[in-house]
Amino acid sequence: MSRKLIDEFYWSDIEGQKGEKLTDAEKYKRIVSWAAKARGQNPGVFDALTEWVLDDSQWSDEKLAENEQILMQGVFARFKEQNAQLRAYLSELELSGVVNAAVFKALDRFDDELSGISHDERLRETVAKVFADFSAMRERGVREQIAGNKTGPAGVNYVDIFGYINYLKDCDAGVQWALFMPDMAARQQKGFRVDSFEYKKMSAMRFIGREDADLDNMEVRNKLFRTLDAMDEYKSDFDYDILFMHHYGLCVDVGPWHGFWGRFMKADTPVPEGFLYFDFVPHNDGKAGPPFFSQFAYVTFSGDMDAMHKREGYDSDAMYDVTRNIMLGQGVNIPYPNKYWTAEVFLDGCDKYSTAYMFSAEL
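Using our numbering, you'd call the opening residue of the sequence shown number 180 and step up by one each time.
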């Protein structure tokens, strides 16, 4: 890795803005614009950093001192300096009400990681070892834990090794999301609007339903829900027709999409013949896939139904994108991919449009 790669990161230019006569709103807009551009550029640079750390030819004894300067001063220390500048600049703007307060929590987490205090217990010892004595990077096993694997532009975390640089990549994204996602989520609401947004922590519950192509037939779908209607004594506190979606704890590009029509029932509800079930529990067991996490964002929408369910121009569809982007803007962790799930909620029954959305969260 040449020193030039350090300059490939899209660093902010806060100092260069200080002499300009701008309103607080204009100053904040500049920062938001920087964040959006950094989100498009920085992921590839973090992956290049991972690649460099894993390249044995770059880690001979004679290169160690230079590599320490590149990594510790050229990358880690520079991000800490940028974070300090951002924090001070945003604190000055905070009283005007233009700043999304979630950015300060994102900066706190990033600064912890950059100080060698890893939030991942599996990495904590290795990271502390490198910060105490950089010569530990001579060991291939240490460098594998520091580098992790390349995770691509989306920053997915279903890789063989999720290393320290992967965490820094996520932290960098968290700061940027907190800055530009609120504006993006607002702009994405074309022809519809968010009526309510809340986070729910539910007790244990069980989703019961089916996944079959014949459920596209409304008569077959209604028969499914009539079966669940007859189980009145097992109703949960969230008694709506649901299209529950997940990838069995895999990344979306690894495990196919699965959609299940059904309802959330009380925990341990008996499962009718021909149905399947997924359990939801309040606490994360750390394993991929079910039982899923019974914490989620819950959003209701109103407006033009076609606009609300539009797919063109969205990563998935309008309701999904807006819900996810509000969460990212608030710094809420989405447990992707291990416990990731979403659901369309049909408040007026499965024969009408869905007008609410559930999105897995770790609160």
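Treat the hints with care, as some may be off.
Straight line, CA to CA, 20 Å or less: simulated DMTMM-like cross-link-like pairs of lysine to aspartate or glutamate [claimed, not checked]:
1. Lys308 <-> Glu245
2. Lys259 <-> Glu247
3. Lys329 <-> Asp234
4. Lys380 <-> Glu323
Here are the computed distance ranges between Cβ atoms for each label pair [what the hints assert, rightly or not]:
5. Trp190 <-> Lys284: 19 to 25 Å
6. Ser495 <-> Pro449: 31 to 37 Å
7. Ser481 <-> His298: 22 to 28 Å
8. Ile340 <-> Phe310: 17 to 23 Å
9. Gly219 <-> Glu300: 30 to 36 Å
10. Val433 <-> Val399: 26 to 32 Å
11. Glu247 <-> Leu274: 38 to 44 Å
12. Asp395 <-> Phe310: 26 to 32 Å
It is worth saying that the hints were derived from the structure and are not from the lab. Quick caveat: nothing in here was measured; it's all calculated off a predicted structure. Each residue gets a CB set at the ideal place from its N, CA and C atoms; glycine is no exception.
Now the hints, each set against the structure:
1. For the given pair, Lys308 sits about 19 Å from Glu245 by alpha-carbon distance, which is consistent with the 20 Å threshold.
2. A distance of roughly 16 Å separates the Cα atoms of Lys259 and Glu247; the hinted pair therefore holds under the 20 Å criterion.
3. At most 20 Å may separate the alpha-carbon atoms for a hinted pair to count; Lys329 and Asp234 meet this at roughly 13 Å.
4. Simply put, Lys380 and Glu323 have alpha-carbon atoms about 36 Å apart, too far for the 20 Å limit, and the pair is violated.
5. Against the hinted window of 19 to 25 Å, the Cβ-Cβ separation of Trp190 and Lys284 comes to about 22 Å, which satisfies the hint.
6. A hinted range of 31 to 37 Å holds for the C-beta pair Ser495 and Pro449, which are about 33 Å apart.
7. Taken as a hint, the range 22 to 28 Å is violated for the pair Ser481 and His298, whose Cβ atoms sit roughly 38 Å apart.
8. For the hinted restraint 17 to 23 Å between Ile340 and Phe310, the CB-CB distance of approximately 19 Å keeps it satisfied.
9. As the Cβ distance of Gly219 to Glu300 is approximately 32 Å, the hint placing it in 30 to 36 Å holds.
10. The given range of 26 to 32 Å is respected by Val433 and Val399, whose C-beta atoms sit roughly 30 Å from each other.
11. Between Glu247 and Leu274 the beta carbon distance is about 41 Å. The supplied range of 38 to 44 Å therefore holds.
12. Checked against the given bound of 26 to 32 Å, the beta carbons of Asp395 and Phe310, roughly 56 Å apart, lie outside it.
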